[in-house]
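Q: Letter by letter, the chains look like this.
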Amino acid sequence: MTGIFLLLKGLVLYAGILMALSFVGIVVIFLYSDTKNWSASLSKFGRIPRDTVLGGFPVDISLTIQIIIMTELLLFGGAFAMYFAIRIRMGIWPPLGTPTLDDTIAKIQTLILISSSILVELAVYKLKQGNQRAFRAGLIGTTILGAMFPILQFGFEWPHLLLNNILTPSTNFFGATFFLLTGIHGVHVVAGVLAFSYTDVRAFMGQYSPKNHGFVEATSTYWHFVHIIWLFLFALMWQGSRLLI
Amino acid sequence: MVVSIRFDVARESTVDLKLEDFGAFVIFTAIYAAGSLGLPKLHILAYQLTVGEMAAPFVAIFGIPAVFGLTLGQFIANLGFEVAPVAMLSPAISFVGLIAIYYLRKLSTLGGCIIYILITSLWITYLLPQISNISTSVAAPSAFLEQSVAVMVGYVGYLIAKRTMANPKAQVQKH
Numbered sequence: 281m282t283g284i285f286l287l288l289k290g291l292v293l294y295a296g297i298l299m300a301l302s303f304v305g306i307v308v309i310f311l312y313s314d315t316k317n318w319s320a321s322l323s324k325f326g327r328i329p330r331d332t333v334l335g336g337f338p339v340d341i342s343l344t345i346q347i348i349i350m351t352e353l354l355l356f357g358g359a360f361a362m363y364f365a366i367r368i369r370m371g372i373w374p375p376l377g378t379p380t381l382d383d384t385i386a387k388i389q390t391l392i393l394i395s396s397s398i399l400v401e402l403a404v405y406k407l408k409q410g411n412q413r414a415f416r417a418g419l420i421g422t423t424i425l426g427a428m429f430p431i432l433q434f435g436f437e438w439p440h441l442l443l444n445n446i447l448t449p450s451t452n453f454f455g456a457t458f459f460l461l462t463g464i465h466g467v468h469v470v471a472g473v474l475a476f477s478y479t480d481v482r483a484f485m486g487q488y489s490p491k492n493h494g495f496v497e498a499t500s501t502y503w504h505f506v507h508i509i510w511l512f513l514f515a516l517m518w519q520g521s522r523l524l525i
Numbered sequence: 035m036v037v038s039i040r041f042d043v044a045r046e047s048t049v050d051l052k053l054e055d056f057g058a059f060v061i062f063t064a065i066y067a068a069g070s071l072g073l074p075k076l077h078i079l080a081y082q083l084t085v086g087e088m089a090a091p092f093v094a095i096f097g098i099p100a101v102f103g104l105t106l107g108q109f110i111a112n113l114g115f116e117v118a119p120v121a122m123l124s125p126a127i128s129f130v131g132l133i134a135i136y137y138l139r140k141l142s143t144l145g146g147c148i149i150y151i152l153i154t155s156l157w158i159t160y161l162l163p164q165i166s167n168i169s170t171s172v173a174a175p176s177a178f179l180e181q182s183v184a185v186m187v188g189y190v191g192y193l194i195a196k197r198t199m200a201n202p203k204a205q206v207q208k209h
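For the protein sequence lines, the chains are E and Z, in the order given. Residue numbering for the first sequence follows our numbering, beginning at 281 and increasing consecutively. Residue numbering for the second sequence follows our numbering, beginning at 35 and increasing consecutively.
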């Protein structure tokens, strides 16, 4: 009797999954057929306005930012693949003896990144409207918020974990992947802050206008990318560190 | 009748993504993921509200980037929760519901939200008994009420936002 019940339960599970996937498939086909020209839409996606960078010569930086984002995707894709490969092989994750990490600083960092993403979007929006003052204020605000992120990470969290011997790269595999992934990400945040500092200088020199904002848009795209990687890290390293797979 | 409705709804819905939409996509991803993982669950009476679900009606304003953003946000949030593998299908189901809001945004955002509530509650009703000891009879009303309250709170926010802010894209184009 129990066997029949379990069999029925299993059938319900697989029938449900099959129905759900068919349902999603139909909607995706509908969406696909509704989008008139996918290839044009996709090729246009990576295009950003021209920017005057080198002594007044117009430079198209679309390809540059596309290559940068693709390279970053490969880098972080590889890093996350390594993380999951280790995690699956370990069986129990995190390994026994791993401390539960306090997520207060991570939550503040998440808030910082969300605020900075919204702020830089507003700044670009204001620039397109021709409001230079609001644009500069938004850009400076983004840079300040961005700078707070590595300060919290490399100035507070890492020293706290390392100096108090709570978690180090040699503690176990979790420690090693934690410092590797958050370290790579932290370096990218520092690069983003440097890019924003350069953008700030150019903004105060009046080099951006509603028709000339390619570099600002490229920098903000990079920043959003760094932000989305952080969301994965936040979910996996702090919130989901006790998830068993 | 069905064909003509589909035509009328879809005529103005051609997906056209640009790089500048990437920002909205990431912000919505963050709202769902960080709202679910970082914030404690909000309570109204006995019902828990997921912050990310409240963002669903905003698809009517921000379009396809919000649809993809909320879907990815739910995927990230599920990575962070202790969920069974079958629950990782939830973002795909939400995607269908969000697409309903997107396609019905010109006709009736409220109608889209109701379809979203029905689709997601049905999925949760099916899912909960599979991954826990909760029976279907308990899961169904609780899923429906929690989704309804969360989405309706978001819908009120959507109405306020719609009144107070003009369409950002339209303003920029006008300029």
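Derived from the structure by calculation, the hints contain no laboratory data. In this text, a Cβ means the ideal position worked out from N, Cα and C, and glycines have one as well. Watch out, some of these pointers could steer you wrong.
[Unchecked claim] Heads up, simulated DSBU-like pairs for lysine-lysine below, C-alpha to C-alpha not over 30 Å straight-line:
1) 140(Z) / 196(Z)
2) 387(E) / 140(Z)
3) 196(Z) / 406(E)
4) 140(Z) / 406(E)
[Stated by the list, open to error] Simulated coverage check for chain E against chain Z, where a stretch passes if three residues somewhere in it have a Cβ under 8 Å from a Cβ of chain Z:
5) 393 to 404
6) 491 to 505
Q: So, for every hint listed, does it hold in this structure?
A: Hints and how they fare:
1. 140(Z) / 196(Z): holds, 13 Å
2. 387(E) / 140(Z): Distance of about 37 Å is beyond 30 Å: violated.
3. 196(Z) / 406(E): holds, 19 Å
4. 140(Z) / 406(E): holds, 27 Å
5. 393 to 404: As far as the stretch 393 to 404 of chain E goes, the hint holds, because 7 residues have Cβ atoms under 8 Å from chain Z.
6. 491 to 505: That given contact holds, which follows from 5 residues of the stretch 491 to 505 of chain E lying within Cβ reach (below 8 Å) of chain Z.
The earlier numbered hint that this structure contradicts is number 2, and it is the only one.
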